[in-house]
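K.L.:
Letter by letter, the chains look like this.
Number of protein chains: 2
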Amino acid sequence: MRILIGQIEVTPCHPQVNLSRVLDGVKKAGKKRADLAVFPELCISGYIIGDMWEREAFIRECEKCTNDIVEATRSLCPGTTVVFGNVVPDWNKINEDGRVRKYNAAVVARNGKILKVIVKTLQPNYREFDEARHFYDARKLALEKSVENDYSYESANYLFDVDRAVVELKDESPFAILLCEDCWDNDYFIKPIGVFDFYDGVELIVNISCSPFTYGKTSKRNRLFSRQAEEHNKNILYVNCVGAQNNGKTLYTFDGDSRLYDRCGNSVAYYNRFEEGVSVFEVGLSHNSCKPCVDDSVDTLYKSLVYGTAKFLEQTDIERIVIGASGGIDSCLASCLYAQALKTVYGDYKDRLWLVNMPSRLNSKTTKRIAKDLALGLGCQYVVVPIHDSVTSTIGDLLKVGMKLPEFDLQNVQARDRSSRLLAAISASVCGAFTCNGNKSEITVGYVTLWADLAGCFANLADLWKTQVYQVARHINLTSEEHGMHIPEEAFHICPSAELSESQNVDKGQGDTLDYEQYHDFLFSSWIERWNRVTPEELLNWYLDGSIEKELGCKVYERFLSAKEFIEDLEFWWNKFDGLAVSKRVVAPCILAVTRRAYGFDMRESQGKPYYSEAYLRTKKRILG
Amino acid sequence: MRILIGQIEVTPCHPQVNLSRVLDGVKKAGKKRADLAVFPELCISGYIIGDMWEREAFIRECEKCTNDIVEATRSLCPGTTVVFGNVVPDWNKINEDGRVRKYNAAVVARNGKILKVIVKTLQPNYREFDEARHFYDARKLALEKSVENDYSYESANYLFDVDRAVVELKDESPFAILLCEDCWDNDYFIKPIGVFDFYDGVELIVNISCSPFTYGKTSKRNRLFSRQAEEHNKNILYVNCVGAQNNGKTLYTFDGDSRLYDRCGNSVAYYNRFEEGVSVFEVGLSHNSCKPCVDDSVDTLYKSLVYGTAKFLEQTDIERIVIGASGGIDSCLASCLYAQALKTVYGDYKDRLWLVNMPSRLNSKTTKRIAKDLALGLGCQYVVVPIHDSVTSTIGDLLKVGMKLPEFDLQNVQARDRSSRLLAAISASVCGAFTCNGNKSEITVGYVTLWADLAGCFANLADLWKTQVYQVARHINLTSEEHGMHIPEEAFHICPSAELSESQNVDKGQGDTLDYEQYHDFLFSSWIERWNRVTPEELLNWYLDGSIEKELGCKVYERFLSAKEFIEDLEFWWNKFDGLAVSKRVVAPCILAVTRRAYGFDMRESQGKPYYSEAYLRTKKRILG
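Quick note, the sequences are listed as chains A and B, same order. In this text, residue positions in the first sequence follow this note's numbering: the first is 12, and each later residue adds one. In this text, residue positions in the second sequence follow this note's numbering: the first is 12, and each later residue adds one.
Simulated from the structure, these hints should not be mistaken for laboratory data. Since no wrong hints were added, every one of them can be taken at face value.
Here are the simulated BS3-like cross-link-like pairs (lysine-lysine), alpha carbons at most 25 Å apart as the crow flies: (1) B:Lys411 <-> A:Lys379; (2) B:Lys75 <-> A:Lys632; (3) A:Lys75 <-> B:Lys631; (4) A:Lys202 <-> B:Lys104; (5) A:Lys631 <-> B:Lys75; (6) A:Lys620 <-> B:Lys354.
What you are looking at is a predicted structure, and each value in this text was computed from that prediction instead of being measured.
In isolation and in its complexed conformation, chain A is listed as follows (with noise of 0.2 Å):
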C-alpha cells in the first residue's frame, strides 16, 4: 500500500499558507500514486488558536480549503483518497455558545468528492485544551439525533456506528478513521478504536493528530498507541503536525514524530522529529521492522527549546534579540538558544544578538567576566552599562518627596533600572525585543522582579526547573562540536544569585535560598506537575507517617531538624507560590512549554490568599501545639 505521510507544519490562524502545504502534498500523491495521502487534524486551521473560531470569516475561509482540496484530488491525484482534518462547519444548526455549529472533523476525499467527514468524539478539556468550547462532538450528536426522534434513543447508535468511519479502497482492504484523543481513550467510558474489533476487514486504523510536544511525552504515546495496536489487533497509522501554536500565554511546539505501528506494536518513524516531511512511503500492513521507540533525551529537550524560540520569532515577526547577560547561568542558556533560533530564521545571528550587562557595584567581578566571555564566545553583540548612577538618582528622586525605600525594595529599583529603563531602550533602539530569561523554579514562588526581570517578549526558560536550566546548558556545551557555541565553564560552578544585595556574593558563595536541585525543584514540582496536585495537607502527612521521601523523590529529613523546621519552609513557599506569585504569573509574558504542566494557559489560576486546607491546619496544630 503506498501512503504519503504527510507530516506539514502548520502555521495557526493562517489557512492559505496551510492549504498550499496540503496542495504540494496531494500533488505528489499524484505523481507517486500513493493509495491514499494523510494529513494532520485541524491541519488547515491549526488548533491551539485561542477563540478564534468565533470568527465566521475564518470559518468559512477554512471551509473554502476543503473545497479547494476535494476539487484538488480530481486532477493532482485521480484514484488517491485523501484524508485531512478541518473544521467542518454545519451553517444550519447551533453550537452550544450559540454560534455556528463547528465539528473537528476527519474529511475523506477522491477523485473530487467527498467521501466522508467524520466527526471527532473525545474531546480534550484539559490543560491547554478547549474542545467542549469550540466543537461539537460525536457524543453530543448522538444524544441530539435521539431527543429529537421523540426521544428513543435510536440513533444513539450513531456514536458507533462502525461505517461512519470506515473507508473503502481499491485493490485494497478498508482502513478507518480516528482523530486524536480518539485512541487516547483511558479515562472515557467510550472507547472509538473498540468498534472495529468487530470488523474484520479493517486492517488499518488512521489517527490524524495535531498533539503537542511535551518532555517525557513521547514514551507516554508509543507506549499507548503501541498497546491499542496490539489490543486491537491492526495497524495504527498515527499522522501529527510540526510546527508552533499559542494561545497568547503560552506557547507549544509540535514534534510530528508520525509513526506505522504494527500489529505487534512495534513502530516506524517516518520522519525527524520537529522537520516537515511530505514523502510517499510502500507500507506493508503485514508486518514492519521493529525499531524501538527512543524516549526523550536531553537533546530532545534542547531541540524543542531551540525550535520554539524559533517558531516564535518567526510568527511575531522579531528580528533582533538584546538578553540582559549577568553572567548565571539562566542568561547563558537564553543566549545561546536564542543565538541557535535567530540562525535557524535569518541565517545568522551576530548582528542580530545583543548581549547587555548591567552591573551595579554589587556584581561580582567573576559574574562580569563569565558574561563577557560569553558574549566573545558566540562572537555576537555586546555592551555594558552601569546602573549605579541610575538608581541613585531614582533613590534621590524619593527622598525629595519624603519617601524612603527599604533595602528589599532597593533590590527591586535595580531589577527594574536594569530591564524596563535599559533593556527596553535598548532593544528599540536595536529595532527588536528583550528576554525574559526566568526559570520554572523562580517563576513558581515569585522569585523574580516584576516590570523588571518577569518582564520582555518572550520566556523561553520558564517551563524549565533550574535543574533542567544545568542540564540543558551542560548538554550544550557537551555538544558544542555541532553547533559552535560554549557556556563558560565558570557559569557552572558559581552559587545561583541575583547580587542584588551585600548578602548575594557569588564569590563568597552566597546566593539564592533555595536549594533547587536537591529539594525544592523536587518540592514545587509535586505542587504542579503531578495530576493530582499536592497542597501542604499531604506534604505533611507524608513528612509524619515517613513517606515524603520516596513521593518526593529526594532527601527530606536530613535537611530538617524537626517538623517545625519542615513547615516553615513549606509556609514560607507556598505562601509566595500560592499568592503573589500568581499575580506575577499574571502579567509574565508568553512562556514556552516543555513539561506536562505548563503556567499559563495550560495550569490555570485565580488570585487570592494562599489555601491550607483545614485539615492541614488541624494537623500542623496537633504537632506544634
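For this one, chain A is given, so just place chain B on it according to the hints.
P.N.:
For chain B alone, kept in the frame of chain A given last:
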C-alpha cells in the same frame, strides 16, 4: 411558604469562610421556622477559581463542608429543607481528565439526611466558563450508564428523570431544582426545565446560580427567567451569590439579584444588588406583586466597578494604592473608584490613596492643574515627581554605548520611567501597589506602553470603552452629593492625549489619533463584543453595500473620502489589534470584567500576524486595483 433566600457572598477557594455563612443561614432558617432555605450554586468552593479543582485536599474539604451542613440541618433547623450548591466528588469514578469525578451539584438535605443530589445538565463552555474542564454533566452520566448496560440506552432516560430533581415538602407542594445554565437552554437540544411540564404537582422551580455580572445582562437574565416562568407556568426562585471571583487574568463580580418569578413572569427582587442578604420571606406561590425589572444603568456600572475594585483589594490584601495622575480622564476616574473602594474596605482612603503627578517638559499646565485639583478635592496624598532629568540620563546612557532612540521610542522611555521606575518605587515605599488605568479602547489597539502604563496591580478600567469612561466619570460628578467626590470639570473638555511628544499638546487641542466616541469605539466593539466577531471582511462588505452605519451604529461615510481611506484606517488599527496588541494583553494585569466580552480569560487570543481572510484581500484588490 416560608423561604430563606441565601444571597450570600462567596469567597473563592476558602470553604471554611463560606461554610460559616451557610451555617449562619441555616441557623436563621431554623429560628424563623422556614420550610425551605436556598443557597447559591457552588457556594462553598467558588466557581471561577482556575484549576483549583485539581487539588484533592480542596475537594475533600468541600465534601466535608457538605457533611457539616447536612449534619447542621438536624439540630439547627429541624424540618427545614436546605438546598445548596457544592462540588460533589465520586471517589470511585474518574473524570475525563483522569482525576477524581466531580459533579457541579445541588445538595438537598433535611433533618440530618441528604435527600437528593442533583447534577447539572447544561454546562457553559464559553466566555470565562470552563465547566467541561472540571465537571461531569448529567448528559455524560446518561450516556455512560447506557454504555455500561450493554449499549441498551434504556437508562439514558436518567437525563429526563423528573423524580430525580423533585423534592417533596411537608404540607406544601413539591418543588424542583435546576442549576444555573439548566435554564439558559436556548442553544441546547435538551431543555431540562421542560420535563416539569408534565408534572403537575410542581409549582416552584428553584434555580441556584453562580452567575457573574456583566453590564446589560440583568435585563437579558430577567427576560429569560420571566419567559421560562410564563412558558412553563411555574414559579421560579432564582438564587445567586455576591462577591468577586477571578481566574488570574480577569475578575468577575457577582451581583446577586435573587428573585422570585411568578407564573406570569413578573418578579420580586429580595435584596440590593452587590449586597449580601440572608432572610426568611413569606412567599405566596399563587401570585406575587408585579415590579418590573429595572435595566442596568450607568449607576449599576459605577457600582460594579467600585465593588469589583474593593473585592480585589480585599482578596489580595492591598492596603494602599498609588495612581499616576496625569490629569487625563482615565486617571481621574480611577482615582475616584479606588477612593471609594479603599473606603469600602478600610473605612477611609485619605491616607491610603497616593496620587503622583510625573510631568516632563511636555505636560501642559492644564493637565497638571487638573491632577492637583483632583487630589485636593479628594483630600488624598499627592506628590509631584518630574521625570525630565531621569529621561535625559537614560538617553545619555544609550548614547555612551553608541545607541540612539528614534522619536517614537523616546515617548515610551518617558512612559516607562513613570511607571516602572517611579510608581513601582513609590508604591514599595508606601507599602502599596500602583494601578493600570488603561481603558478598553487603548488595550484593544495596544495604545499603551509595555512595562509602563500597561503595568500595575489591577486594571479596573480595561473593560470600559473610552466612551464609557466619560459616562461613568460624568455620573460621578452628577451624584457627587452621595459620595463627596468630584472630577475637575476641565478633565472632560481637554482632548485625550498621552502628552508624550510636542504633537500631543492638549492646549492646542492635539492628542490621540483615535476618535473614540464618534467612530473607533463602535468599530472596535464589533471586533470583540459581537457574538460572531467581525473581521475586515465583513466591514468592507458592509461599507460597500451601504449597511455599515446600521451595523456599527455610528456615522461612517462622512468620515472617509473614499473606500481607500476607510481601508487605510481599518487596516492601521486592525494590524495593531490583531498583532502586537495581543502580546501587550498577554502581560496586562488582572482586568475587571464589566462588559459581555472582557480581555484575558473571557476572550482568549493567540499571538501572531494579523488575520485577513482571503475573501477580504480579494475584495480589497477588486476595489483598489
